[in-house]
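Protein chains: 4
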Amino acid sequence: MLHFDSDYMEGAHPEVMKRLIETNLEQTPGYGTDIYTAKAKDNILKACGIDGGKVYFMVGGTQTNTTVIDGLLRRHEGVLATTTSHINVHEAGAIEATGHKVLTLPQHDGKICAEEVEKYITDFYRDDTFEHMVAPGMVYISHPTELGTLYTLEELEELSRVCRKAKVPLYLDGARLGYGLAVENTDVTIKDIARLCDVFYIGGTKVGALFGEAVVTSRPELLPHFMPLIKQHGALLAKGRLLGIQFETLFTDNLYIKIAHHGIQMAMNIKEAFLSKGYSLYIDSPTNQQFFVLPNDILDRLAEVASFEMWGPKGEYETPVRFVTSWATKENDIEALINAIPTIESTLDL
Amino acid sequence: MLHFDSDYMEGAHPEVMKRLIETNLEQTPGYGTDIYTAKAKDNILKACGIDGGKVYFMVGGTQTNTTVIDGLLRRHEGVLATTTSHINVHEAGAIEATGHKVLTLPQHDGKICAEEVEKYITDFYRDDTFEHMVAPGMVYISHPTELGTLYTLEELEELSRVCRKAKVPLYLDGARLGYGLAVENTDVTIKDIARLCDVFYIGGTKVGALFGEAVVTSRPELLPHFMPLIKQHGALLAKGRLLGIQFETLFTDNLYIKIAHHGIQMAMNIKEAFLSKGYSLYIDSPTNQQFFVLPNDILDRLAEVASFEMWGPKGEYETPVRFVTSWATKENDIEALINAIPTIESTLDL
Amino acid sequence: MLHFDSDYMEGAHPEVMKRLIETNLEQTPGYGTDIYTAKAKDNILKACGIDGGKVYFMVGGTQTNTTVIDGLLRRHEGVLATTTSHINVHEAGAIEATGHKVLTLPQHDGKICAEEVEKYITDFYRDDTFEHMVAPGMVYISHPTELGTLYTLEELEELSRVCRKAKVPLYLDGARLGYGLAVENTDVTIKDIARLCDVFYIGGTKVGALFGEAVVTSRPELLPHFMPLIKQHGALLAKGRLLGIQFETLFTDNLYIKIAHHGIQMAMNIKEAFLSKGYSLYIDSPTNQQFFVLPNDILDRLAEVASFEMWGPKGEYETPVRFVTSWATKENDIEALINAIPTIESTLDL
Amino acid sequence: MLHFDSDYMEGAHPEVMKRLIETNLEQTPGYGTDIYTAKAKDNILKACGIDGGKVYFMVGGTQTNTTVIDGLLRRHEGVLATTTSHINVHEAGAIEATGHKVLTLPQHDGKICAEEVEKYITDFYRDDTFEHMVAPGMVYISHPTELGTLYTLEELEELSRVCRKAKVPLYLDGARLGYGLAVENTDVTIKDIARLCDVFYIGGTKVGALFGEAVVTSRPELLPHFMPLIKQHGALLAKGRLLGIQFETLFTDNLYIKIAHHGIQMAMNIKEAFLSKGYSLYIDSPTNQQFFVLPNDILDRLAEVASFEMWGPKGEYETPVRFVTSWATKENDIEALINAIPTIESTLDL
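Protein chains in written order, with the numbering used here: chain A, 1 to 350; chain B, 1 to 350; chain C, 1 to 350; chain D, 1 to 350.
One chain only, chain A, in its complex shape (with noise of 0.2 Å):
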């Protein structure tokens, strides 16, 4: 059975492993105050060319999103977010469960809209009602977003325009962001974002990594007492040099995105097959997920062979579906599922 289920099925990229290994051994102190976290901070707000930045590293995107949300916000505060977002579906009400509300605004190809972002906040100050309303304390976006797609270089300037004119922290829950920045026609560089966005995350967890997620931001003063929040939230690794030593190897000679490539070139190689083959995307995505529309013989016969999502409830003639590619899926794999992708001619008598 081949797997594209999702890209994060196999262990760490073996340069990682291979540092855990050779440090195994060594004896630190906890909680990240030990050499090798010291080294990953540094490497990482290197690449993003940030001065007087801070990252914080935690094990998972979840916890991550949580943790950074409750530091951003007040308690009169909620976070305005696409309804597709992560926050808003698939983290079990995690955020509100720190008492603060997802404020919902319409998805477009899975991004925020920044006009859209810039009347919320308008309107909501318009009369004296805002204070029997949660007041929009932060904007949260994802890149890659849950759809696979990004953000342009000009949606996010506008973007952060927008929400430092309003005073609204803006975050980047980059959980995929290798694969976007490894996109070969994105025109956003991890500097692009480190200097737009307050707070961001740059995800280990897909992208070459056990586990673990860098919290980085090039304004330190919007999340004060952090260390204390990020205990309180569960999301302190005792051993924490387990985050440092993964996340320096990462973030030496480039290897975050050397790994993320071969994921890309891989979801390439699925989407100009599908598309050749005569099916339709579903949504057109230049990242390491890859959307079509199935009709429903083909997914069961498929299905046989790989294993894959459905996105959304099965329809009565085709259903749309997501195939994942990574850092570790193998060319064989790839070819393999190829191979069995029938070809049909035409999908216009559905």
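Since the hints were derived computationally from the structure, they do not count as laboratory data. Where hints are given, some of them may not hold.
Copies of the same chain look alike in the list, so a pair counts if it fits in one copy or across any two.
Simulated pairs of lysine-lysine, BS3-like, Cα-Cα distance not exceeding 25 Å [stated by the list, open to error]:
(1) Lys119 x Lys314
(2) Lys165 x Lys314
(3) Lys314 x Lys191
(4) Lys330 x Lys258
All values derive from a computational prediction rather than experimental measurement.
With the hints as your guide, set chains B, C and D onto chain A.
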């Protein structure tokens, strides 16, 4: 420099690392639905002698305590614990952050007293004012305690009897459980714990794993809908098989207890050395945390060759300190430490 | 200046004030353990036709919604409600502040659609991803809705059927319940509501009381340990008898409905006047909130003699507005308002 | 039956009721934006001698404490209070329900000790472990305390000095403030409190109002965005003018203190009677709560003519009890009580 600061200064036991490497590039589904996790659960339930129980894996201790306690309590309830308990002192208010009060009782060598628990619950329901107070909804203990001490089987049985009579779940924090079970004279087995506690966790982070804690319950009905709660608490590891692989290894051929034995032997060597050289115990602990009272000049001298923890503010003449060993402590380091401890004639003139 | 801003601009109905004065210096025990509260509960349960039900009194609407919803839900659950529901928009995030997500469905004339509720719940449990999402744990409706509209008996019965089939409690926010029950053509009685909803509240603040809301449930087992939760939410009034006295009075000789009838008649007079003078309805409401579309020049002119609420941002040519009446609205004021409304020929050329 | 159970057994002072009746059918805007509320705030700020301060009204004590404490603290902070403080014992975990820990210090006649506060804060920041603990973010005191006692001016000044030095706000719960200020020998005025505390509240519920507490702060910047937080806590009264009218009346012609004086006189009469008849004080209180130790047979006999509270579980031979008076206590009732107290020769043989 020799290090006796904590029991989480190294990575994982070599056997555990070996399995992580061997399985590194295998593909498994996420969130603990893999075969390694299934096997680990099976091994643990067998070791505990539980039929019909359940096991849940999480990453760290604070996260585990918070999620379990939040799962066991209703909104109007709090958790009874000693003043020195980890949840009351060193979890940055994680329990309260989920809305629950830690109701404190005095500690006796770090332990809670069954009779005092019973009196607290009886007094609580004495008159109608209880509706204005936080109901005792569960009891939290740690074994070994934060002071390195152990419950006797009789104490545990009495506590269990009191809790079951009052229909209040008993939860045991086993962050250092291995070290408790490996003590030669203890009459408490893991089967006793599984039988007498309603929920407990087996600590991996401090006993051979890179990270990870295994929550075990013989009464799964006490934790209904626990998976979404784990997710909500940010405690659901994407690559769940990492926890499964580690615990499967630790619970194969009794590895968990074997390696804990080593930690205990090392601790006993330190204890014997300090005692024979004329020092007094601050707390008489049979486990891998050892507490002594050091004259300040000797403390300063020892601190030049070894790191250890001051257990409270520095006193005028003498100060309590803590030395911690683990499965990874090297015999050479123990020898070197012992050699560095000067013999004192008497502490009478302090 | 005439005032049609809201239905809480005056104190209490004179009959209610009379009873508060008569009993003012009597001594009673606190927290609702007095005889007036007992009598009020009895009167309400009789009016509702409930045997074995329970009544709880609280001070205000947001407080009541938050406490009830927190009482009904488990930690991993959220509440289904329309996008326009009071809990989603105008309670400053009170529901989220207790850790629960408001799961939104579209509104249809302010109402939730039973079929959409059923589909939401069915889809939710479609596959295993539900453990990563917020479970729909209850349904919230308001009657009258925030837009002044009413459920029909058929709609309520269908909603109740869907909820009971899914074992999801149905909760009705009756902040303006009196005005809903007093509408001539409604086929929904308070007994229907008591029978079809699992929990609901009878609004006092807007219907004759100084303040106060009466939570009624025919299934008290859904709100176990509710007294300490009320206290924890700061919703337990020390001089609880104030709530008892007011509701006893309102539920004696049908006073609650009688005075609501007056509010409805006043509202119908306004509606008729605007319609006959050529204006259009913004929403067709049969209750004490009336919504019209006013050309901006007429809006400005009317605003000189009467206060009312703009229902959304001011439009380019015309703006929706809301006029509210109550048990206390004076016929003279209605006449004066009607006289001030100019007749318009046509709005076609806008 | 005579009643000395609590100081909230009657309605409001007749002067307050008179004003509520006179204004009952006036129309005012909601949520405290009316002229009565403005006037009340003005009167209170004048009485407190505060320029540039702010006043907020809420309904009850638990609600007020929870909202203020949640407003003052950041997420990682807790509130220092005595073990006997109302927030620690009798608010059903309301503080914890908003995510904050109550950090307890010993009580000394119900009071917190400035020196112990200072030591707690100093010790807290002693080493880096503080990031794993709940930071002391404010100090809570009550005046009178839960045991009827009063701080001296010197004690308050010392506490204020310690708090300001540590930049930790000092908050005073004045649920019974009137009774504290009306004590003959106290050297603490309301102006002292306003000067030395950062935030405090003036209790209305127990001192002449139907309900209502007035939060006063000379440093409004400590409670930014407080209105939405009040709403979020369900503490924003729709008909806010009810609070305004009551407090305007109580703070006109010194009514608040005058009526409290009566309560104190009644309490002193009871105290004198018990003492002169040979009983011992359980606590020596100068305010409207009086605590005695009663032999059980006498307790039983008195309980036939008067209601009062047992202060703890019934002892083997004798039991502490509490008698409470208020502005509404009738002189006749005091006389009747005193007549019912038997003289005892001596308690030596108990």
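Now for the hints, and whether the structure bears them out:
1. For the homomeric pair Lys119 and Lys314, the shortest alpha-carbon distance between copies (14 Å) is at most 25 Å, but the shortest distance inside one copy (36 Å) is not.
2. In this homomeric assembly, Lys165 and Lys314 come within 25 Å of each other (Cα to Cα) only across copies, at 24 Å, whereas the closest approach inside a single copy is 44 Å.
3. For a Cα distance limit of 25 Å, the shortest separation of Lys314 from Lys191 qualifies neither inside one copy, at 41 Å, nor across copies, at 42 Å.
4. Proximity of Lys330 and Lys258 under a CA criterion of 25 Å is satisfied intra-copy only: 15 Å inside one chain copy versus 39 Å between copies.
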